[in-house]
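K.L.:
Since the structure of chain A is already known, use the hints to place chain B on it.
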Amino acid sequence: DTAVSQTPKYLVTQMGNDKSIKCEQNLGHDTMYWYKQDSKKFLKIMFSYNNKELIINETVPNRFSPKSPDKAHLNLHINSLELGDSAVYFCATSSPSGSNYGYTFGSGTRLTVV
Amino acid sequence: QKEVEQDPGPLSVPEGAIVSLNCTYSNSAFQYFMWYRQYSRKGPELLMYTYSSGNKEDGRFTAQVDKSSKYISLFIRDSQPSDSATYLCAMSEMDSSYKLIFGSGTRLLVRP
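Protein sequence lines correspond, in order, to chains A and B. In this text, residue positions in the first sequence follow my numbering: the first is 1, and each later residue adds one. In this text, residue positions in the second sequence follow my numbering: the first is 1, and each later residue adds one.
Just chain A, same shape as in the assembly:
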């Protein structure tokens, strides 16, 4: 039973399309994140939700819109996909006490825009 699961694992799509990535966690963690990892392995935070409330919104194009329907789910919708959006997107969660060491990552969604 995977702690943090992302779907789909792979996504190949054409420029201009709209796509969504879903994340679900069964750890009971309060905080969920979206990170983007580029081809050089650099992980950069995009968004963070705590108890369904948006608490971090980094400098990300507004084509990216996160949604948290409940504490266990965090989705990422991307409009008008561009070539530069190609990357691996990771969902992560942190522990209920809010301690900073408690990040658990999903296995990632590899997005390729052609």
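Fair warning: there could be bad hints in the mix.
With a Cα cut of at most 20 Å, we get these calculated EDC-like pairs of lysine to aspartate or glutamate [to be verified]:
(1) A:K19 x A:D85
(2) A:K67 x A:D30
(3) B:K99 x A:D30
(4) B:K99 x A:D38
(5) B:K70 x B:E3
(6) B:K56 x B:E45
(7) B:K56 x B:D66
(8) A:K44 x B:E57
(9) A:K44 x B:D83
(10) A:K44 x B:E45
(11) A:K44 x B:D66
(12) A:K52 x A:D30
(13) A:K41 x B:D83
(14) A:K36 x B:D83
(15) A:K41 x B:E45
(16) A:K40 x B:D7
(17) A:K40 x B:E45
(18) A:K44 x A:E82
(19) B:K70 x B:E45
(20) B:K2 x A:E82
(21) B:K42 x B:E3
(22) B:K42 x A:D38
(23) B:K42 x A:E82
(24) A:K40 x B:E5
(25) A:K52 x A:D85
(26) A:K9 x B:E93
(27) B:K2 x A:E24
(28) A:K71 x A:D30
(29) B:K56 x B:E15
(30) B:K70 x B:E93
(31) A:K9 x A:E58
(32) A:K40 x B:E3
(33) A:K44 x B:D7
(34) A:K44 x B:D95
(35) B:K99 x A:E58
FYI, nobody ran anything at the bench for these hints, they're computed from the structure.
P.N.:
This is chain B only, laid out in the frame that chain A set:
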């Protein structure tokens, strides 16, 4: 200049060697320091966590933090081929955002 700098490698060592991985940072407000290991096509997994300065040991792994120099290290003793992966350092301020700032990762290859 990035907040966290890490040599991308690759670092190639023979099995059994002691490996030293390092990161430097510029933000003196960082209080939490972590090392993550990432295998190819997998998510990062937490290896070590240290709060503030000092050393922490866990089996073959030792994490060191020197806040005065803004420098952190991860040592791997008796390295194994299964240690071959990308190692990412990560840091966080002691605030409510729980935001982790990552280094770009060092790729390690342990040769049998």
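K.L.:
Hints first: check each against the structure and report whether it holds.
P.N.:
Each hint tested on the structure:
| no. | hint | verdict |
| --- | --- | --- |
| 1 | A:K19 x A:D85 | holds (11 Å) |
| 2 | A:K67 x A:D30 | holds (15 Å) |
| 3 | B:K99 x A:D30 | holds (14 Å) |
| 4 | B:K99 x A:D38 | holds (18 Å) |
| 5 | B:K70 x B:E3 | holds (11 Å) |
| 6 | B:K56 x B:E45 | holds (17 Å) |
| 7 | B:K56 x B:D66 | holds (12 Å) |
| 8 | A:K44 x B:E57 | violated (28 Å) |
| 9 | A:K44 x B:D83 | violated (24 Å) |
| 10 | A:K44 x B:E45 | holds (16 Å) |
| 11 | A:K44 x B:D66 | violated (24 Å) |
| 12 | A:K52 x A:D30 | holds (8 Å) |
| 13 | A:K41 x B:D83 | holds (17 Å) |
| 14 | A:K36 x B:D83 | violated (24 Å) |
| 15 | A:K41 x B:E45 | holds (14 Å) |
| 16 | A:K40 x B:D7 | holds (12 Å) |
| 17 | A:K40 x B:E45 | holds (18 Å) |
| 18 | A:K44 x A:E82 | holds (18 Å) |
| 19 | B:K70 x B:E45 | violated (23 Å) |
| 20 | B:K2 x A:E82 | violated (25 Å) |
| 21 | B:K42 x B:E3 | violated (25 Å) |
| 22 | B:K42 x A:D38 | holds (14 Å) |
| 23 | B:K42 x A:E82 | violated (24 Å) |
| 24 | A:K40 x B:E5 | holds (13 Å) |
| 25 | A:K52 x A:D85 | violated (25 Å) |
| 26 | A:K9 x B:E93 | violated (31 Å) |
| 27 | B:K2 x A:E24 | violated (31 Å) |
| 28 | A:K71 x A:D30 | holds (7 Å) |
| 29 | B:K56 x B:E15 | violated (23 Å) |
| 30 | B:K70 x B:E93 | holds (13 Å) |
| 31 | A:K9 x A:E58 | violated (24 Å) |
| 32 | A:K40 x B:E3 | holds (16 Å) |
| 33 | A:K44 x B:D7 | holds (17 Å) |
| 34 | A:K44 x B:D95 | holds (18 Å) |
| 35 | B:K99 x A:E58 | holds (11 Å) |
Checked against the numbered hints above, the structure violates hints 8, 9, 11, 14, 19, 20, 21, 23, 25, 26, 27, 29 and 31; every other hint is satisfied.
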